[in-house]
Structures are given as structure tokens and as C-alpha cells.
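Chains A and B, in that order, give the protein sequences. My numbering puts the first residue of the first sequence at 1, with every later residue one more than the last. My numbering puts the first residue of the second sequence at 1001, with every later residue one more than the last.
Any given hint might turn out to be false.
Here are some chain B residues pointing at chain A (derived, C-beta under 8 angstroms) [stated by the list, open to error]:
{"#": "1", "residue": "1084"}
{"#": "2", "residue": "1085"}
{"#": "3", "residue": "1089"}
{"#": "4", "residue": "1184"}
{"#": "5", "residue": "1187"}
{"#": "6", "residue": "1189"}
{"#": "7", "residue": "1201"}
{"#": "8", "residue": "1202"}
{"#": "9", "residue": "1205"}
{"#": "10", "residue": "1206"}
{"#": "11", "residue": "1282"}
Derived Cβ-Cβ restraints for the label pairs, each shown as a range [stated by the list, open to error]:
{"#": "12", "chain 1": "A", "residue 1": "149", "chain 2": "B", "residue 2": "1284", "range": "20 to 26 angstroms"}
{"#": "13", "chain 1": "B", "residue 1": "1134", "chain 2": "A", "residue 2": "138", "range": "48 to 54 angstroms"}
{"#": "14", "chain 1": "B", "residue 1": "1262", "chain 2": "A", "residue 2": "179", "range": "30 to 36 angstroms"}
{"#": "15", "chain 1": "A", "residue 1": "179", "chain 2": "B", "residue 2": "1265", "range": "34 to 40 angstroms"}
{"#": "16", "chain 1": "B", "residue 1": "1121", "chain 2": "A", "residue 2": "40", "range": "32 to 38 angstroms"}
{"#": "17", "chain 1": "A", "residue 1": "212", "chain 2": "B", "residue 2": "1037", "range": "54 to 60 angstroms"}
Since the hints were derived computationally from the structure, they do not count as laboratory data. Glycine included, C-beta positions come from ideal geometry on N, C-alpha and C.
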Amino acid sequence: MSTAVRIRRLERRFTAKPVLRGIDLDIAKGEFIALLGRSGSGKSTLLRALAGLDHDAIGTGLAQVPQRVSVVFQDARLLPWRRVLDNIVLGQSGADARVRGQRALAEVELAGRENSWPYELSGGEQQRVALARSLVSEPELLLADEPFGALDALTRIRMHVLLKRLSAIHQPAVLLVTHDVDEAIELADRVVVLDQGRIAADITVALPEQGNARTSRFAALRTELLGHLGVEAEPASLAAGV
Amino acid sequence: MATLPASAQPRREPEQAFIENRQLDNLRPLTRRLGLPAAIRFGWLLGPFLLLVFWAAGSATGFIDSRQLPAPWVAVTTGYELIEQGRLQNHLLVSTVRAGQGLFFGVVLGVVLALLSGLSLTGGYVIDGLVQIKRAVPALALIPFFILWFGIGEYMKVMVILLGVFTPIYIHTHNALRGIDLRYVELAETLRLSYWQFIRQVVLPGAMPGFFLGLRFAVMGAWLGLVVVEQINATDGIGYMINLARNYAQADVMLVGLVLYALLGLASDCAVRLLERRSLAWRKTLAQ
Ligand SMILES: Nc1ncnc2c1ncn2[C@@H]1O[C@H](COP(=O)(O)OP(=O)(O)O)[C@@H](O)[C@H]1O
Ligand SMILES: [Mg+2]
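Put together the whole structure using the sequences plus the hints.
Dropping the structure here:
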């Protein structure tokens, strides 16, 4: 498998204190990676380095990313003065841009909302439009920084299903920043834990399709990841309620 | 609080006294909200209407001395006479052309300067300080120089109006251009927008609310500028008409001029607001 992203000895700091302290990470084409870590561990800094948004940061190291990179932010970040479809095709050129935009909108189950204004959509719908906007360029790398963090639990589950399906169709490499351990296990092929600017764990999920094997693997991963995050694993009864 | 019909009074039986008995059949929202409820169309006319009522009642009862302020109907009859003589239309036309020209060129100048100084740092260093200086200098103090430079004709008059118009346009447009949300800048970067795409599709639309705010001040400023310039070597215009009436102590004609200014100001502000609503349909604000 060839690599989509290659990161070597990546260091970043804003002040004297380093935020990323030598990150080495490869992401294969089409691979789905969840990036976990405590608040302030440097997840966003890493993602922004890959997105080319770290103008304020100084640092060294290598970060190779593919040609087409898309970013989904925690807020949908739709331009309020453009209608939904115009938001999706922002920056897209070519005669078929609008057709591709409509297809992307249908993929996020919002067909028919082309001419709505962003303020007319719910938070979850806005985030789905943002997802459509990120997929319309057929990215080779999709970067998402806590994209579901502002959504309610039910909407978040629907978004998980949607993201899983769409990333299976479009096959981008995905780097999903999250603080939700269950979300990470549910969605990712690999979970990387960041701690104080270093990679503290890199775990392949390999979740069985269904059955008891899946449940026990899930629980084991959960305990392990929570351990890396410095949290005592909660009793199963609590865990099931998340 | 409005009284409810007897049938709508919440019944409070002892065993269910804790239940809030919300009546759902009166077709009115039952919950309170912060912010403002939906505005009534033309609701803003209430204040002017109340003023008119007070004025009319005061004049009719003699509470307002007609030598100090003629009655509202005097403004109507005098206005009618002036129209019959063909004078009012003439003055109005001349003033409207002046204000219109000043407004047009002032808006163009304000927008151009705001773009130059809002979109480039160097432009800002050159232009912004100058505009602040201009703001600090009263228009009245500039007029003698304008007469020296531009003469006492039409040209000077339009320039004075322009000067009052371009500043609010500049200030508010510049402010909006510089105040663009950084999150949208990041978005544009990740979407790989070119510089001009970024300006055209992100910065300019985002600055439109600021521009319209400036425009509302500018339109008012254009009419106000008239009063000043039409005192100087004018032979026509509403300002001239008022000035002339003052020399002959014709309070009724002065009043017609005042009322005309008020109506023009209101009407043009309405026009700008309408334009704003049409252009900024994407905005959902407290006032709508
Ligand atoms: N633009 C910035 N300027 C200064 N410090 C920053 C900036 N962005 C992030 N940091 C610092 O870098 C550290 C890591 O931040 P971040 O990558 O946002 O963490 P995470 O996303 O894992 O919560 C934090 O201590 C934060 O204060
Ligand atoms: Mg973060």
C-alpha cells in the first residue's frame, strides 16, 4: 500500500514551549486514522500543519501531503451569504461543478436543499453540507478537527454512519481528530494517541464485524485507549450509555 | 397583561395545581423570548405620527404660538401655493440633482478608498490617516477653501456634498473589510481559492452589511449638505428657498422647507433599507 501522508520528525511551537515534539507518522491511501489526545496535547496543531494553516507556528520536520486535501472544522463554516449549493461548489471550477455539487449534496442526504440559506439549516444539516463541500473535490486526504463535537448525541451517531459510508465510497485517507474514544474505535482503522506532543500509542483497531468477538475487542481497545489518555476505564454499565 | 376569556382561565384544581395549564387554542405564542418580537410593518411611522398629532393639537388649541411655529396645515396650504407657482418643484429638482450627484460621486470615492485601504496594508497607511484628519476638520471650515479652489458654482456645491458623503461610506466599508472573520479566511485557504476568488466571494460579500450601514448615513449626509451649500451663492434649491424665506421672515415657507427635508430624508432612508433587505436576504438578525 502506498502512503498518502508522510510525517517525519515534525516539531512545532508557538512560544518557547514545543507543542509537537518529533512526530513520525505514515497514513496509507484510503486509511482512516483517529487522533486521540487530551485537550492541549497538540492534535489541532498537527492537523493544521497538514492543512497548511499553521502560519503562526514555527518548527522543523517533514510533512508530505497529497495534492487534494480537504478540511472539515468543528463549526460548519458555511459562508452565510451563499446558498447551500454555492457553498459546496466554492472554489470548484469546471462546467460540471454544480452537477458534482448536487451529487455531493444528495450523498449527505440533503437533496433538494440546494437553494436554502445556511441559517435555515439545523446544526447537523450544516455540518453535512460542510462534509459535502469537503468531498466534492474528491480529496485524497480528509482532515477533520472534532467535526461532531458540537452536535447532539443522536445526530453524532447519524454522522458516524454517514462518514463511514462516504469514506468507504470516496476512499480518502482520513485524519479525524476527536476526544471521543468510542467514536475513534467505531470509525477508524488505526487510533493514534497524542500526549504532550508525542505519539503515545498507535493501535490498529481490527474490529471483528459483529458478535461477541466485536464486543470484547471493543471493550479491550476502550480500556487500553483510556489508559493512554490517563483515564481509569469506567464500569461497563456507564460505558454502554455513551 | 391581556385578560383571557373566562373559558381560557387556567383551572387550578388542588390535586393538579402544579401543572402549568397552558391554553393552546388562543393562537398566540405562549412563551416569552428575549430579543424583539416580529416588527410590524411601518411600525416606525408611529413616532413621526405622534409628533404630528401633538403639533396639530397644539396648534388647534393655541398651545403652540403660530408665530413661532405655524400649524401643520399651513405647511400643506403654503406648499400647495408654492407648487401652483411652480417654485417648489423647481427648487426640489435642483436640490435633488445636487444631492444625487454628490451622493453618487461620494459613494464611488468612499468605496474606492475603502477598498484601497481595506485590502492592502500600504493603502491603509496612506489613506486611513488622511480620512481621519478629514473627519476632524469641520465641513464649514473647509468651505472657504473649496470656494477658493472650485469657485462658487455648481462644482463647489457638489464637492462639499461629496465630502460629507464619502466619509461614512469609507469608515463603515473599511471597517467591514478589515473585520472579516478569520475563520472564513482559513476556509478560503483550505479551499485553495485564488486571491481574487477570495476577495470576490468571501471578503466583498462579507463587507456588504458595513457598506449599507455607511450608505444610510451617506444618504442623510447628502441632504444635510444641501442646507449648507445652498446658502452660498445659490439662486435655487430648497436651501436657498429656506434662506430667502428667513430674510423675509416667512415662517410658513421655512416650514415647508423643513417638512420637505424631513420627508426626503425619510423616503431615501426607506429606499436604502429596502435595497439592503433585497441584497442581504441571507441575514437573519434581531430586527427581522
Ligand atoms: N495559535 C496559537 N498560538 C499560541 N499557542 C497555541 C496556538 N495554537 C495552539 N497553541 C498551544 O498549543 C498547544 C496545543 O494546542 P492544540 O493543538 O490546539 O491542542 P488540542 O487540539 O490537542 O486540544 C496548547 O497548549 C495551545 O495553547
Ligand atoms: Mg483542538
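Results for each hint:
1. 1084: violated (50 angstroms)
2. 1085: violated (50 angstroms)
3. 1089: violated (41 angstroms)
4. 1184: holds (6 angstroms)
5. 1187: OK, holds: residue 1187 of chain B within 8 angstroms of chain A, min 5 angstroms.
6. 1189: Since the shortest Cβ distance to chain A is 6 angstroms, the answer is holds.
7. 1201: holds (6 angstroms)
8. 1202: holds (7 angstroms)
9. 1205: Status holds, d = 4 angstroms.
10. 1206: Status holds, d = 7 angstroms.
11. 1282: For residue 1282 of chain B, the interface hint holds, since the closest Cβ of chain A sits about 5 angstroms away, which is under 8 angstroms.
12. A:149 - B:1284: 20 to 26 angstroms: Since residue 149 of chain A and residue 1284 of chain B have Cβ atoms about 24 angstroms apart, the given range 20 to 26 angstroms holds.
13. B:1134 - A:138: 48 to 54 angstroms: holds (52 angstroms)
14. B:1262 - A:179: 30 to 36 angstroms: 60 angstroms Cβ-Cβ, so the 30 to 36 angstroms window is violated.
15. A:179 - B:1265: 34 to 40 angstroms: violated (56 angstroms)
16. B:1121 - A:40: 32 to 38 angstroms: holds (33 angstroms)
17. A:212 - B:1037: 54 to 60 angstroms: Since residue 212 of chain A and residue 1037 of chain B have Cβ atoms about 58 angstroms apart, the given range 54 to 60 angstroms holds.
This entry does not satisfy hints 1, 2, 3, 14 and 15, going by the numbered hints stated previously.
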